[in-house]
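Trainee: Between the sequences and the hints, there should be enough to build the whole structure, so can you do that?
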Amino acid sequence: MAHAIETHGLTRRFDGRVAVEGLSLTIEAGTVFGFLGPNGAGKTTTVRMLAALIAPTDGDAIVAGHVLGVDDTALRGSVGILTEQPGLYDRLSARQNLRYFARLYDLEPARADAQVERYLHLLELWDRRDEPVGTFSKGMRQKLAIARALLHEPSVVFLDEPTAALDPEASRTVRDFVKGLKAEGRTIFLTTHNLPEADELCDGIGIFQRRLLRMGSPAELRASLFGAGTVVRVVGDAARYVPVVRALTFVREARADGGTLTVQLDDPDLRNPDLVEALRGAGARIRYVERLQHSLEDVYMRLVAGHP
Amino acid sequence: MKKALIVLEKEWLELRLQPTLLLATLILPPLITAFAVAGFFVVGKISSGVTLPATPLPPEFAGLSLLEIGQAIIGKQFSTLFLLLPIFIPSVLASYAIVGEKRERTLEPVLATPIQTWELLLGKILAALIPGLGITIASATVFVAGVLAFAVTDRVREIVVTPGWILAVLVDTPLLALIGVALIVVLSSRVNDPRTAQQISAVLVVPVLGLLFGQLAGVIVLGPALALGIGVILAIIAAVALWFATQLFQREVILTRWR
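Chains A and B, in that order, are what the protein sequence lines are. With numbering that gives the first Met the number 0 applied, the first sequence covers 0 to 307. With numbering that gives the first Met the number 0 applied, the second sequence covers 0 to 258.
Just to be clear, a hint being listed does not mean it is correct.
As the list claims (entries may be wrong) - Sample of chain B residues facing chain A (criterion: CB under 10 Å; computed from the structure):
1) 59
2) 104
3) 105
4) 247
5) 250
To be verified - Derived Cβ-Cβ restraints for the label pairs, each shown as a range:
6) 117/B x 110/A: 21 to 27 Å
7) 70/A x 219/B: 49 to 55 Å
8) 37/A x 235/B: 46 to 52 Å
9) 18/B x 23/A: 52 to 58 Å
10) 116/B x 110/A: 52 to 58 Å
11) 18/B x 27/A: 50 to 56 Å
12) 199/A x 117/B: 39 to 45 Å
13) 136/A x 117/B: 33 to 39 Å
14) 225/B x 73/A: 35 to 41 Å
Hint data in this document are derived by calculation from the structure and do not stem from the laboratory. Predicted, not measured: the structure shown is a model, and the values here were computed from it. Glycine included, every Cβ here is placed at the ideal spot set by N, Cα and C.
Mentor: What follows is the structure, given as C-alpha cells:
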C-alpha cells in the first residue's frame with residue numbers, strides 16, 4: 000500500500016524552543032491515523048507543517064505525493080484541513096462561505112457550485128444554505144468547516160479536533176462522516192483528545208509529546224504496553240486461586256479483585272483452556288472468561304503521564 | 000491574479016452585507032461634495048455675510064473682491080478635504096478586511112488553500128483602495144464641476160481648481176491611501192480591533208492637514224512641481240511600507256507571530 004504521508008526527522012523550532020522534534024512516521028493511504036498528545040505537545044504545529052502552512056526547521060516530508068518545501072502550492076491543493084477553529088465568515092451564508100473557498104481551491108464556478116451543493120446535502124446543511132453562518136450552532140459550524148476541507152476532494156485530510164465542544168449527536172454525525180471518508184479511500188490525519196473516538200476511528204495511532212513516543216495500531220499499542228491477558232470471573236473470592244494460577248508456567252502475572260481474577264499471559268488463545276482447567280482443578284466455579292481489554296486511555300496515560 | 004480577484008469579490012460581498020459600515024464610510028465624499036458646492040454657491044451669492052480671517056491672506060488672493068475671497072477660501076478649504084478622504088476610507092475598509100479576518104480566525108483556512116500570499120494581500124488592498132478612490136475622484140469631479148459652474152469669476156476658479164490640486168488628488172492621495180492600507184497590514188500583526196488600527200493609522204492625515212494650513216497661511220503653494228515632488232516622496236514611502244507589509248503578510252509570520 001502506498002504511503003500518503005511520510006516524514007523523516009521533521010523538526011520545528013520557535014526561537015530556540017523545540018515544538019516538534021525529529022518526527023519520523025509513515026501513514027498508509029486510505030487509513031485513519033490518530034495523532035494524540037496533550038495540549039501544547041506540538042500537534043497543531045505538526046499539522047501546519049504537513050499542510051505546508053509553516054516550514055519545518057529540519058527534516059523532510061512527502062504528503063499526498065508532494066515533497067514538502069518543493070511545491071507547497073500544489074501540496075496545499077491536494078490536502079484538506081479542518082483547522083482548530085472553524086474560522087468562517089459569519090456574515091456570509093453557508094453557500095457563500097463554501098463557494099469562496101471552492102474558488103480558492105481552483106474549482107471552476109460550475110464545479111464549485113456543484114461541490115458546494117453536494118457537501119451541503121451530505122452534511123445536512125442544505126436547508127440552511129442561504130442563512131448567515133453567524134446564526135449557526137457550533138455543530139453546524141464544525142460541519143461546514145469540514146465541508147470546506149473537502150470541497151476539492153483531497154486525498155489527504157487533516158482534522159484538528161473535529162468533535163471538540165460538540166454535543167454527542169453532532170459528534171456522532173462527524174464520526175460517521177469520517178468513517179465515510181475512509182470508506183472513500185481518503186487518508187485521515189486526526190488529532191483529538193477524545194480517546195474513545197480515536198479508538199473507534201483509527202487504524203493507526205501516534206502518541207506524541209514534542210516527539211513521537213509510540214506508534215502502532217490501537218491493539219499493538221495495548222499489547223506492547225500491557226501484554227495480553229484474560230479476565231476470569233468466579234463464584235466467591237478469587238484471591239484463593241491466585242497461587243494456583245501463578246504456578247502455571249505461561250502466566251506472567253495474576254491478581255484478584257473480589258470475584259475477578261486478572262491474568263496476564265503470553266498467548267491467551269492457546270493457553271486459556273489450560274488456565275480454565277487449572278482453575279476448575281482447584282475447585283473454582285467459573286462464571287465468565289473474557290479477553291483483558293485495556294482502553295486507549297490506559298495506553299495514553301502510561302505513555303504521556305507515566306501512569307501505570 | 001485570478002485569486003486576488005476572487006478575494007476582492009468576497010471582500011465586496013462582505014462589505015455589501017455591512018450596510019452601516021458601507022454607508023458610514025462611503026457617504027462622506029458625496030456629503031462633503033454637497034456641502035462644498037452648496038457653500039461655494041451660497042457664499043457667491045451673499046458676500047455681505049463673509050468676514051475675512053484675521054490671518055494674512057495668501058499672495059494669490061491679492062486684488063480679489065470680498066466676494067471672490069469668500070468663495071476662494073471656502074473652495075480651498077473644501078478642496079483639501081478631497082486629499083484626506085482617500086486616506087480615511089481605504090484605512091477603514093482595510094482594517095475590517097484584515098484585522099477583522101484575523102479576529103474571526105479565518106486567515107488560517109484561507110492560507111491553507113493554494114492561494115499565494117501576495118494574491119491575498121493584493122485582493123485585500125484593491126478591495127480597500129478601489130471604493131475609496133473611486134468615490135473620492137467621482138466626488139472631486141462633481142466638486143470641480145460645481146466650482147466651474149458657480150465661481151463668481153475665473154480668478155476664483157483658477158485659485159480653487161489648480162493643476163497642483165488636480166495632480167495631488169490623482170497622484171498623491173492614492174499613494175497616501177496605499178501607505179494607509181500598508182500601515183493597517185503592519186498594525187494587523189499587533190492589534191485585534193479594527194478601530195484601534197484605524198485610530199493609529201489616522202496619523203497619516205497630519206501631513207495633509209499641514210498642507211491645508213500651510214496653504215491657507217500662504218506658506219505653501221501647491222503647484223504641479225510640489226504635488227509631483229510630494230508624489231515621488233510618497234511613492235518611496237509607499238514602496239517601503241508595502242515591503243514591510245509583505246514581509247509581515249507571509250503565511251509563516253501570520254500563523255506564528257501575529258498575536
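Trainee: Please test the hint of 46 to 52 Å on the beta carbon pair from residue 37/A and residue 235/B.
Mentor: The hinted range 46 to 52 Å holds for residue 37/A and residue 235/B, with Cβ atoms some 50 Å apart.
Trainee: How about residue 247/B: closest beta carbon in chain A under 10 Å, or not?
Mentor: Because about 15 Å separates residue 247/B from the closest Cβ in chain A, which is outside the 10 Å limit, the hint is violated.
Trainee: Was the hint right that residue 250/B lines chain A, CB cutoff 10 Å?
Mentor: 6 Å, holds
Trainee: Should the hint that residue 18/B and residue 23/A are 52 to 58 Å apart at their CB atoms be regarded as holding?
Mentor: Roughly 54 Å apart at Cβ, these two residues keep to the hinted range, so it holds.
Trainee: Determine whether the Cβ-Cβ distance between residue 70/A and residue 219/B falls within the hinted range of 49 to 55 Å.
Mentor: Holds, since residue 70/A and residue 219/B (Cβ atoms, about 54 Å apart) stay within the stated range.
Trainee: Okay, residue 117/B versus residue 110/A on CB: inside 21 to 27 Å?
Mentor: 25 Å, holds
Trainee: If I claimed the Cβ atoms of residue 225/B and residue 73/A lie 35 to 41 Å apart, would that claim hold in this structure?
Mentor: Check failed, 50 Å falls outside 35 to 41 Å.
Trainee: For the hint 50 to 56 Å, verify it against the beta carbon of residue 18/B and that of residue 27/A.
Mentor: 52 Å, holds
Trainee: A closest beta-carbon separation below 10 Å is what the hint needs, so does residue 104/B meet it against chain A?
Mentor: 4 Å, holds
Trainee: If you take the shortest Cβ to Cβ gap from residue 59/B to chain A, is it below 10 Å?
Mentor: 50 Å, violated
Trainee: Does the Cβ distance between residue 116/B and residue 110/A fall inside 52 to 58 Å?
Mentor: Violated, at about 25 Å.
Trainee: With respect to the beta-carbon atoms only, verify the hint that residue 136/A and residue 117/B lie 33 to 39 Å apart.
Mentor: 37 Å, holds
Of the hints listed earlier, those the structure fails to meet are numbers 1, 4, 10 and 14, in rising order.
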